[in-house]
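Visitor: Sequence:
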Amino acid sequence: MSKIFTDIKSKIAEIEGDVNKFYGGNNAAGARVRKAMQELKALATDLRKDVLDTKASRTEK
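For the sequence shown, counting from 1, position 1 maps to 185 in my numbering; every step adds exactly one.
Take the hints with a grain of salt, since some may be wrong.
[Unchecked claim] Here are the simulated lysine-lysine pairs, DSBU-like style, with alpha carbons at most 35 Å apart:
(1) LYS225 - LYS195
(2) LYS225 - LYS187
(3) LYS205 - LYS239
(4) LYS233 - LYS187
(5) LYS233 - LYS205
(6) LYS195 - LYS233
(7) LYS219 - LYS193
(8) LYS193 - LYS239
(9) LYS219 - LYS195
(10) LYS233 - LYS219
(11) LYS239 - LYS225
(12) LYS195 - LYS205
(13) LYS193 - LYS225
Bear in mind the hints are in silico, worked out from the structure with no lab data behind them.
Build out the structure end to end from the sequences listed, making use of the hints.
Guide: Shown next, in the form of structure tokens:
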């Protein structure tokens, strides 16, 4: 499995508590959630590029 995908799963697990805290009324947790979501966006972009590159390298053979 891709390291990037593993990083995405790990990041989601890390922020689960903050998501629950935010929806429980803790506004400071919302800032942490937004920051983590920005990091996830970058990881998703990296994973998408990796998938495209891997697919291209398989079809070149």
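Visitor: Does each hint fit the structure? Answer for all of them.
Guide: Here is how each hint holds up against the structure:
no. : hint            : verdict
1   : LYS225 - LYS195 : 11 Å, holds
2   : LYS225 - LYS187 : 15 Å, holds
3   : LYS205 - LYS239 : 40 Å, violated
4   : LYS233 - LYS187 : 13 Å, holds
5   : LYS233 - LYS205 : 33 Å, holds
6   : LYS195 - LYS233 : 19 Å, holds
7   : LYS219 - LYS193 : 16 Å, holds
8   : LYS193 - LYS239 : 22 Å, holds
9   : LYS219 - LYS195 : 11 Å, holds
10  : LYS233 - LYS219 : 22 Å, holds
11  : LYS239 - LYS225 : 21 Å, holds
12  : LYS195 - LYS205 : 16 Å, holds
13  : LYS193 - LYS225 : 13 Å, holds
Against the hints set out earlier in the document, a violation occurs for number 3 only.
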